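**Student:** Protein chains in written order, with this note's numbering: chain F, 1 to 412; chain C, 1001 to 1213; chain G, 2001 to 2056; chain Y, 3001 to 3757; chain W, 4001 to 4272.
All clues stand as given, with none of them false.
Once the Cα atoms are required to be at most 25 Å apart in a straight line, the calculated DSS-like pairs of lysine-lysine come out as:
id, chain 1, residue 1, chain 2, residue 2
1, C, Lys1200, C, Lys1137
2, Y, Lys3538, Y, Lys3397
3, W, Lys4243, Y, Lys3207
4, Y, Lys3239, W, Lys4243
5, F, Lys332, F, Lys248
6, Y, Lys3051, W, Lys4176
To be clear, the hints were calculated from the coordinates, so they are not data collected in a lab.
Since we're looking at a predicted model, the values are computed, not measured.
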Amino acid sequence: MTTPAIPEGVKRCSTRQFTLWLAVVGAVLLWGVYAMFLIWYKGLNQTGMNDAYGFALWIWADLAVIALGGGAFFSGFLTYIIGKKELKSIINYAVIIGFICYSSALLILALDIGQPLRGWFIFWHANVHSMLTEVAFCLSCYFAVLTIEFIPLVLENPKLDRIPFLHHLSHNMHEVMAVFAATGVFLSFFHQGSLGGVAGVLYGRPFAFREGLLIWPWTFFLFTWSAAAVGPCFTMLVTWLTEKITQKKLVRPEAFELLAKISGWMLLTYMIAKIADTWYWAAVTAPARGFSLMEFYSNNPIYGIWILIAELVICGIVPALILITPKWRENKNLLVTAAILAVLGVCINRWVMVLQVMAAPLLPFQDWYMYMPTWQEVATTILPVAYGAILISLAYRYLPVFPHEKELNPGQ
Amino acid sequence: MSTQSDNQTAAAGNRSSGWVVFVFFMIGLVASIISGWVAFPELLYSTKQQPIDFNHQVHLEQMGGQCNSCHFFREDGSFSGSPTLEECKSCHMYPMTGNENEQKFIDEYVNQDKEVPWLIYAEQPPCVFFSHAAHVKGADMQCATCHGDIGHSTSLREYQENRITGYSRDIWGKSMLRLGEPDHGGRHQKMNDCAECHLKETGSKGDCFQCHK
Amino acid sequence: MFPFSFEWVWDISHLVFMGGLWYALSIIGAGMTYCVIKSLIDTAADEPGEGGHGHH
Amino acid sequence: MKIDRRCFLSLVIGGAVGTTLTPVPWKLTDDIAIWTQNWSWTPEPEDGPSKFVKSVCTQCSGGCGIIARTIGNRAIKIEGQPDHPVNNGSLCPKAISATQHLYGPSRIQGPMKRAGERGQGKWEKISWDEAISTVTEKLAELRTRGKPHSVACISDTDRNSVAYLLDRFLRAYGSPNFIRTPSSADAQELALYLSFGRQGTIGYDFKQSDFILSFGCALMDGCDAAGQMMSAFGDMDKKTRLVQIEARLSDTAAKASQWVAAKPGTETDLALGLGHVMVRDGLYDKAFIDSHGFAFEDREDEAGNAYPGYRSLVRDYSPEKVAKTTGLPEKTIESLARAFARARRPVAVTGFSNPAAASVNQALAVFALNALAGNFQKPGGVFVIDEPDYLSWTEMKIDKTASAGNQQARIDGAGTKRFAHTRYLPNRLPEAINSSQGDSPVQALLVAGGNPLYTLADPQSAKKAFEKIPFIVSFSTFMDETAEQADLLLPHPHFLECYQDVPTPAGMAKTVISLARPVVKPVYDTRHTGDVIIETAKNLGGFIENAFPWKNHEDFLKKTLSDQWETLEKQGYWTDDSSRDNSLEKLFRTSSQRFEFLPRAGFETQGSENPKSKVQTVSLPGDVNELPLVLVPYSTIRISGGAVANTPFMTKTVDANVIAQQDVFVEINPETASEYGLSQGDKATLKTPAGNAKVRVNLFEGIMPGLVAMPAGLGRTGFSDYIAGKGVNVYGLIAPAADPASGLNAAWGARAAIGKA
Amino acid sequence: MAQQPQHTKTKRYGMVIDLDKCTGCGACMVACYAENNVPFRQDDSDKMRSLNWIRVMKVDNGKAFPDTEVCYIPMPCMQCDGQHMQGHSPCVSVCPAVATDYDYPTGIVSQIYTRCFGCRYCMAACPYHARKFNWWDPKWPADMEKYLNPDVSARMRGVVEKCSFCYHRYQKARDKAYVEGRDELHEDEYQTACTQACPTNAITFGDLYNPEHAVHSLSRSKNAFRLLERLNTNPKVYYLSSKSWVRRVADNYLEGENPEQVAKARKAAATH
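In isolation and in its complexed conformation, chain F is listed as follows (with noise of 0.2 Å):
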């Protein structure tokens, strides 16, 4: 059926179908959102964490979903910069699962602070030397940076179209995309970098510590360096799931070609890096302090030795020859295998440096720190899939997300 809201030329669900789908997943939306008020409400006794766990299930959601995120930031640099035209196909969707990663940080953050409304003193009374206003900064301009370019895709929805000025304000955008694109790289590196930087200076904390580049620990660039590789893994996962739902080709089969190439790429560049910072760390940074390797690992089978070989192994080094072999990664079926590792690698990273952290003993007469999640925990990190999900579903019915979606799809 097609109203006027709905892009032309493209087929989309009838709109009970459609509602129901909002409602099951509007469903978990509130449950989340219930949760939510009650973190705010009752104060974060409502989580399980507590004075070992400072930081815990949701730093790491808001690490992993900006790490994911990364792709906006690196489909942007290579289509506006670099001047991939590949990409075109796939950018819009780029941003878009950027500005929902983003946005669900941020939602996350304001969630985890203790006193949200003085939330705004991390800007306003900002100590330049924490990563943490880095990231606060960085994160927050950033995000701006992604609503300016989900702007324009907005507005070229039919019925906005139809305003003269949001039709001039949707071009104009368009013409100096490439400035803003820019700025958003240069912002990414340092947020993405950043949050790698959280943990990397820690250096009370040995698992964490990372020695570095002037103020810069190792951990700010392998942040960087993994959200570049594997956030277009995500995107393209990300497209290939909504494909698959949708039962239509939605981006140009060169799009995912050129993205699984450059991240297989820039996963194995990374994972030399981080074998060998894992190596530096593991024989000089360590034991300078006292630690061997092991005694980060053993004694625990929660965080056992098999975390490290699952992150740089089974879903480091596996994907990453997947994704540089042509011919392995022209198998859709081995691709979205690839893509899934490269995610979950990152996932277990992220949660390694946050989490691990923070269970691993400082003093030998120390024991390690367990942590359980609450269910108000559970549910406001599960409300971003819930809010991403329902963004995706409106974006892809009222918004020409794929531009080539026409085209690929004659028969409909």
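Assemble chains C, G, Y and W onto chain F, guided by the hints.
**Tutor:** Chains C, G, Y and W only, in chain F's frame:
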């Protein structure tokens, strides 16, 4: 495409012209600015009267012209602040003058053994550590420098309380946020005001713990 | 964040960090201002044409 | 002019732009942040002039000097009084956190009478006049019925002005039943009486001693001498040796130079074993024994009966034999004895431990070691402090009813032929009531100080006995376990609100009288127990009224303290070194005028022919196969095992492997735990002949295999939600066992079994 | 916050705790609660959510009965001077809103509750777990608000708090000095609540820079060490113990390393 154009043409006929839109914009702008600068401060603060109208000048004359006759330092270095009922009673056990405020004080507080709930203009929040000793003894400052020439006032002015924070209007600084409240001859007492003076006088805004507890 | 906020110090760290921030913010701000003004002008230019503007 | 949606939109946009140019958003943002900084429900403590008031803590009998800091009429903080002779500024956590009890929810806020069933927790507020007249009427009625002796009074002390007033009141009224709650001082005081012939306390000169041999004393684990002892330990030269004999690595043991882990209940054997080595090797003060010792050698009495002496007694305690009993290597026993004997100023200490384990024999055996070392009335040694006599009394006349009542036998059996020298036997009171036919022998009970329903051994049967008493009055400051079961509550002020004299605490090597003073005005509608007694006496009239010529307690204190009052008011304490100057010639008031190694009073009156039977350890009831382990209570200074519960602050300091939520952890050696398939944190059921308890397991290498140790002071029902409902009362799991020599409760533990729950 | 050039480090307050004397009684904890208005809860047994500015840790030598030894280690905030001794303590450098700061005149790490918005980054940064979060609104039942100390503000839910070395006592001592016309404080004028409360005098407090203060020489004695010294946090809380096993559990050592040698190497590296 043609349908769309037609719609637009039709709409244009019913549309208000640009200058009308602009006038409405200006109305919104001016109205909000006026209400923001004039009505908002009126709403934000509640006005309270002191329990008793106190004449500083008369007391100052009677007590030898020294603030510290009533507002003194204790032996341990702490500052006594407003006199307690006990201290007032040392003179005002019974009426000394025919003043109605004095009579009120004796009837309502002395006879009922109740402390006077003075509203302190310069009362800082509980997170603030303010050392009178450091300023008055250490830096040799005059009371009036910060508090104004309150010693020669004959009447207590009204006390304005912020409805949201519950604190006196006097201590919330001279910046825009202070909303044009006159300074009563003393200094403003928000953190930035303290810092400004400290920077000028000591070369440093000071460390956090210097003024916070 | 601003030179008049309490924590501000005129040192290298603040200049570099805040410089970067204000640089990014001004690009974003200037870019958006440009877009809005240009769109307003474009819209005004369209008015006499009564919707005769082109659409791509 | 056409007004449409666009105009409205412009208006809104104009308004929004305009608003950003006003203070509204910025000021609101700032003020809301400031609001979060001053939430009205986060208290803002009021400031004012600060004062420091010297007083003394009366929460246990330790008598530590304190300084209370006040702001206006608020008590803010308790700190140690640095010049106080008892504690030199050292305080335990309970004293430091006393303000929590002062203002806490445990307080009884005014006189009340029971409204529902006993123990239901329903109370009705009444006036003090009504409260006191209720007591007067009840007492008058019992007297009219000729049963004044059915009134009993329980107190936690028999040595301060309130105790004296109570005792005087009972005697004027006609009852001999003044009972002191059990304490670690009981056995020591009795042993002191038997071997020295004096009523008083033993003092140890810890500070000057160079070798302290402690027989399981909880010196730094929360005994009543903690302030005193920790101050001494703090000043102690690192060369001073402290040896702790205990089966569990307590805090005292952890701080000791040497931890000697003897089996629990074998301390007496070890003391005699050490005596054996000293006597065998001639390592004792022959001069002292020659001139002041009695029954060191075998002897005969006037009638020609032969009695063995100490030398013969210890002959049976060879290191080899004692090693077996105590589980210690022979070498340890030999070297310990020699080290003790060779020290310049050694002192052997007993008594400050589990109040239930009152072994007079252990005290005698330890005194004997001190006698062998010849360290009486010497720096670094043992001093005898006489019962206080600072309160000067007027004689009183009593009527016939009173004298008839006073001649009745005590209900607890103390002072009877069987327990001739024991003054109070509180642990026998429940049994006396429960076993009586018909009416309870106690018709009215006044509980003034102490919390018998918590501190007595076997609190279950004590509670049953209380149910049979028709009229119970509690003078408690707090809603404690005893007050919960009372009919009438006449709350005594908190010690920071009133005057109270504090006699020399146990362990002090000189006389120190302190005065607790009102630090703040009373917070609640309370009245000093002394005042209530005086007023009740006046209400009863006649001879009783005449016996109490004072206006109130304060008046009584001022008049009876006479000379010392001023000193006490000024410096908070008053000392007297005269007991220190007691020469050995004047020290002993036994019939032999000597130190009696094997006291005549103890043995001859009981006609025992075989003194060896006196030194047998109390054996624990229960089948060894069924109950293979032994449960021992332990003290920790962070949990109060006494009448007054610990404060919330103290509970807060307790580790998560001692209390977690509602559960108490028992300590078990990992080796023992593995035998029963228990691992760290497991929930388990602990079984003893007295009952079962749900506990959790804490593995601890520092406890002897085969033992289960549980902290004392938990399982309360009274006080407040902050204190009650955590863990179990260990004394409820240990059935009392009478010390054959004294009748005091000597159950140092209980047979136990543990299994996974 | 940036190291402000106008500051000169005149004092460096520190603490020396003699572990041989600490009996683990908890008086320091309780005195600290009372002095600093630390709230409590009905069930405070979840130690990972229990507010404590000083905690007493119980450690043992790991040997079986009867060779077991136990040592108590009281742990207040270590008031780290940070790497290179410039006030960049682990927590100060990470706080995004300057709610915690290094007080250059005294060397004490401040915590301003009204500035803190509860991000807990400082807690993640502190290797000693000295920082505690207010998970709940504090509550003082019955009339307990009456015992609160006006010298220390009560904290609201949602902020981090920690030991301040009883900075308010320093302020009060200085006020007294001002009124008496003095510039310098005597050693005994400024003592923390825990130091004062310690019944065995295991804690000594004073200016580590001042040779007349006891801590000056105690912190340099041969039995002195600090916790996790190898992390380069430079704590101002020193410990004394005559037992080598205690020293070993105070820091991390690889197999074959020994505490004395590592300490010697550190000292040598520091002087070069």
